[in-house]
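In case you want the letters, here they are:
2 protein chains.
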Amino acid sequence: MCDTSTIKPLNTPLKSVPFTNVRIQDRFWAPKIKINREVSIPISFEQLEKSDTIRNFELAAQGKHEGYSEPLFRDSDLYKAIEAAAYSLSTDPDEAMESRVDEIIEKIAAAQMLDGYLDTYFQVLHPDKRWTNLRDAHELYCAGHLFEAAIAYYKATGKRKLLDVAIKLADHIERTFGADDDKRMGYPGHPEIELALIKLWQVTGEQRYFELSRFFVENRGSKFFATEHNTPLEAYDGIYWQDDVPIRDHNEIKGHAVRAAYLMAGVTDIVAETRDRGLLDMMARVWDNTTLKRLYVTGGIGPSAHNEGFTTDYDLPNRTAYQETCASVALMLWGRRLNLLTGDSQYYDAVERALFNGFLAGVSRDGTLFFYDNPLSSYGNHHRSEWFGCACCPPNVTRTLASLGEYLYAVGKNAIYVNLYVQGSVDVEINDTTVRLDVVTAYPWEGNVAITVHPSNAGEFGLMLRAPGWSKKAEIKINNTPVNPEKEKGYLILNRNWREGDNVELTLDMPVIRLEANPLVLEDAGRLATQRGPLIYCMEACDQTVPTGSVILPENADIKPIPAPEGLQDVVALRGSGLTIQTGKWDNVLYRMVTPPARVQVTLIPYYAWDNRKPGAMFVWLPR
Amino acid sequence: MCDTSTIKPLNTPLKSVPFTNVRIQDRFWAPKIKINREVSIPISFEQLEKSDTIRNFELAAQGKHEGYSEPLFRDSDLYKAIEAAAYSLSTDPDEAMESRVDEIIEKIAAAQMLDGYLDTYFQVLHPDKRWTNLRDAHELYCAGHLFEAAIAYYKATGKRKLLDVAIKLADHIERTFGADDDKRMGYPGHPEIELALIKLWQVTGEQRYFELSRFFVENRGSKFFATEHNTPLEAYDGIYWQDDVPIRDHNEIKGHAVRAAYLMAGVTDIVAETRDRGLLDMMARVWDNTTLKRLYVTGGIGPSAHNEGFTTDYDLPNRTAYQETCASVALMLWGRRLNLLTGDSQYYDAVERALFNGFLAGVSRDGTLFFYDNPLSSYGNHHRSEWFGCACCPPNVTRTLASLGEYLYAVGKNAIYVNLYVQGSVDVEINDTTVRLDVVTAYPWEGNVAITVHPSNAGEFGLMLRAPGWSKKAEIKINNTPVNPEKEKGYLILNRNWREGDNVELTLDMPVIRLEANPLVLEDAGRLATQRGPLIYCMEACDQTVPTGSVILPENADIKPIPAPEGLQDVVALRGSGLTIQTGKWDNVLYRMVTPPARVQVTLIPYYAWDNRKPGAMFVWLPR
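Residue numbers (numbering that gives the first Met the number 0), protein chains in the order written: chain A, 0 to 623; chain B, 0 to 623.
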């Protein structure tokens, strides 16, 4: 592992606590991270091999001009897989995995051109077309993912080879794009490099990378893509690429969902340094639009398959919900950055909603199958796949799970922030004290969290415990004595001269919540969703005794947690008293006069856990 | 008008009563037929002019080889418009309309080739490709519509010009296709000519046309289209064209909806003559599958836009319901034929459901705008159009409305059948007696029907009154005396020695019915539809005091007929006591904990009448 002490932190009020300082030892995430490491990450390299994604680099290194395996952004899939492996190696060294990655890095390095350029699609198929189609060709996007992978691997192993490749490419890009007379206009059709350049700046200290990121952000909306493609301005809308209006003029989240949220994550990083009021205000408007009008109850974004993105306010179809797994990742990246920038826990409510629901559904329980799109209802024919031709989602899942620890804690001015309650421990530097927190909890299944504080020296600092938006009651005891802390921006403030072994007990009330959607969400008319803790639940056919289409869950139904149904052993399910119209004769009857429904037991499971057993229908929103 | 006495009736137990014997004088249909005559039919000729559909014939007549206006089945749109005009001229002579049609017929006749071939697409663009792509090119489909138009115009005016064109083309086709050694295999990709050839056989007495129709029907399913397109059999499924299995082996309605039901209508005509058991059994299976598993509550068929057709049992999405207007027409054509063949009123339940709902929604109240697809819910962005590039639906509406009378009555062995209750009168020949029935009713708004019988000589015969499937109680008085008639195949049997002026009063109970769908129809889970008489109702935004997405209609809601809301003056609406979640604060709230809903008045209008006022959301199936 490299010495990361030289890495410049972003100028946010809260600082991220690296996942390498966090140990996850619970029964919810720890097994998932283990499966991620032992199954999903190795699978991703196998699939990247099988799909000739790695071979693309060999072709480029050999100067070949045919045989490239499309689509044109394949490089980024490999980079993300390396990033995931790097995170995993940081917490769980694995010689075989490391040497596999080293071999791949040799191939990547061999493919890089003398001038630093690296994109195997163009090198193999269109060497004369470099940087001619920023709108569609993903060169800058792939570069961004290379930077992230390289930084992750450098931090994990101390090995600079991939980082040097990244820097060489970044320098090439920085020589090419910019405001200077000898540079050209441009920005990526698919944002990603913005936040990656920020990371590269942090690692290298090279201000040029920050300025390049800023250049990409600031120029977005100048309708460069119209120029690039000779599109008359009157025929160009640019919405898909967030290129329709100057960056400060956005009022809504729009276009391709992953692009939109990656862009906003990058903008947040810029704002952390510049405190640009126009960008800050824009982000506040766009965040509000996202979470108040365009967010699935499962925390995902982007309802439409057509543009992999946004449509109009309150358009949140269930069966055709796209809610791409990558878009949930993107929202988490953005929300976490906003939390660090503002110290406001509301952003974590969205992050947590996405993490435990829309995101986590993206991978099967055994780590072998992945969702690209995540509908909120299914008639039984939507299932996870081993891999995708467009394979952005699986390595986005693996890199997020492998570095999940970074979502848990933050450090503010003389305060430690706990954002997600996960059993395990963390080491935090605060002032001149090292503090270890030991956390014991069965979250998200139970709402009790015990935190023991181990400061290297007794000292006064704040312990800021996030009161999740879903929880209406949070009780605190310190050393067995109830306290009634003040709240600030959604955090319970425990200010105190902490001593070795001080114990905090947080009890979050965790009732079954029934949610209704704004009436403008026409898809959810007459329906309710169920939630317990951060988990959104759903009804899956295999748990029911009657057809799913016959079930009504009255709004006053008594619903209780129960041990998991078969096949979902470590899961808390819900059971409630519903109604069913599966009464009388339905053979050869398509429509009949309504009859009084009968009582039926309805079983609900967490949304993330669906499609892990017998295929069948699934509904998040149930008739009430 | 020509002497139609030589027209051979089909050998069905019930005989059709021509619409020319029927006078419609009610306040429901009569105004619609008037608007159809005065607005929609003239509009159709204007649109066919504007779209260069008529010019295509001029190009063909002039031997031109460019300038054809696509799509390739444009000829059929014109033929259907002529058919509609002909029906209208039969009941309401109109010199201007007739001379307009005469002019067009001159152009059609001029376009016909010496060998009888007529299809302007091929004549203009691909004269060397005649009959090379039966699967896609619609030549036989267009020919069928020419036959129907020609017969209609001949019956209406006695003018043979178009009929002679039709016969010349039919003879050309008959010389080309058939089982004889000098003829070739083939059948239409889009069925229609089958039933048209039957009509031509009836008018001309030429058995060859019947045999050709039978040839097309019998060979369907031999996978000729695979041969035609060099598709390997293992790669060919043929379902879209009902060409996947031999004609007697179908168990389901499948593929393109209009094609499927036109085909079945043609098969029914064949069966009427041949009494082929295999075809009869197949039709019974396919009809059951259609009406018990694949029929919208509005009587339409074909849920999917993808194939303009069928998917799987119980797949009846609402917002994306395709339910093409033409498919409702096709179902009516088929159902009416099955009724004549079997004397069973169940087929008319489907015909009536389609006619008053899925079909009738196809045209705006003012006759100027048309629906192609008819969803069962809308978020406010689905509206009728002036015309379509693919303009099959508007002239299908006009030809059906102009000949609506033929749907009302039938004559059986010593019995008159009344299938639809429409104020007006009919002349029926039964045995050697001419019987006039005078009907007074406000159907479908009210369930009272008064029929006065005027036989030319007193005589014993049956009056068979259809007891609609939606009516649970039908009371009869004859000359003010209650009677309790027996029922046969859904008809109330009034056998009697009828004398001049005998009066029958039928009272159909017409409560508001709440329907629930089979639980396997997942789209309708937790929802109910409302019906009164044959009319399916819907909730349209402009009639509500709260957002449509907030409304729940409890299954025990009190719902009553009320005078029409503004803008729908001649319509009976429904009003009921519903619930709304439009309580408390919803600004900047996307999801909230469920709250007890409040009472709200909900207004429902007939489905057919939606989208005639302010644009807005619409739902047939309401949360219960």
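The hints are simulated quantities; they were obtained by calculation from the structure and are not laboratory data. Do not take every clue at face value.
Computed footprint of chain B on chain A; a stretch qualifies when at least three of its residues, placed anywhere within it, have a C-beta under 8 Å from a C-beta of chain B [said to hold, decoys possible]:
1. 289-300
2. 503-516
3. 524-530
4. 547-560
5. 582-595
Label pairs and their calculated CB-CB ranges [stated by the list, open to error]:
6. 563(A) / 555(B): 34 to 42 Å
7. 311(A) / 178(B): 53 to 61 Å
8. 544(A) / 183(B): 54 to 62 Å
9. 598(B) / 343(A): 36 to 44 Å
10. 65(B) / 232(A): 47 to 55 Å
11. 544(A) / 178(B): 54 to 62 Å
12. 343(A) / 554(B): 41 to 49 Å
13. 207(A) / 613(B): 55 to 63 Å
14. 343(A) / 555(B): 30 to 38 Å
15. 613(B) / 284(A): 29 to 37 Å
16. 388(A) / 554(B): 58 to 66 Å
17. 385(A) / 233(B): 21 to 29 Å
18. 488(B) / 388(A): 31 to 39 Å
In this text, a Cβ means the ideal position worked out from N, Cα and C, and glycines have one as well.
Consistency of the hints with the structure:
1. 289-300: holds (count 5)
2. 503-516: holds (count 5)
3. 524-530: Holds: 5 residues of the region 524-530 of chain A have a Cβ under 8 Å from chain B.
4. 547-560: holds (count 6)
5. 582-595: With 10 residues closer than 8 Å to chain B, the region 582-595 of chain A meets the three-residue bar; holds.
6. 563(A) / 555(B): 34 to 42 Å: The hint (34 to 42 Å, Cβ to Cβ) holds, given that residue 563(A) and residue 555(B) are roughly 37 Å apart.
7. 311(A) / 178(B): 53 to 61 Å: 58 Å, holds
8. 544(A) / 183(B): 54 to 62 Å: Because 58 Å falls inside the window, the suggested range holds.
9. 598(B) / 343(A): 36 to 44 Å: 39 Å, holds
10. 65(B) / 232(A): 47 to 55 Å: 35 Å, violated
11. 544(A) / 178(B): 54 to 62 Å: 57 Å, holds
12. 343(A) / 554(B): 41 to 49 Å: 45 Å, holds
13. 207(A) / 613(B): 55 to 63 Å: Holds, since residue 207(A) and residue 613(B) (Cβ atoms, about 58 Å apart) stay within the stated range.
14. 343(A) / 555(B): 30 to 38 Å: 47 Å, violated
15. 613(B) / 284(A): 29 to 37 Å: 30 Å, holds
16. 388(A) / 554(B): 58 to 66 Å: 47 Å, violated
17. 385(A) / 233(B): 21 to 29 Å: Since the Cβ atoms of residue 385(A) and residue 233(B) sit about 26 Å apart, the hinted range of 21 to 29 Å holds.
18. 488(B) / 388(A): 31 to 39 Å: The hinted range 31 to 39 Å is violated for residue 488(B) and residue 388(A), with Cβ atoms some 56 Å apart.
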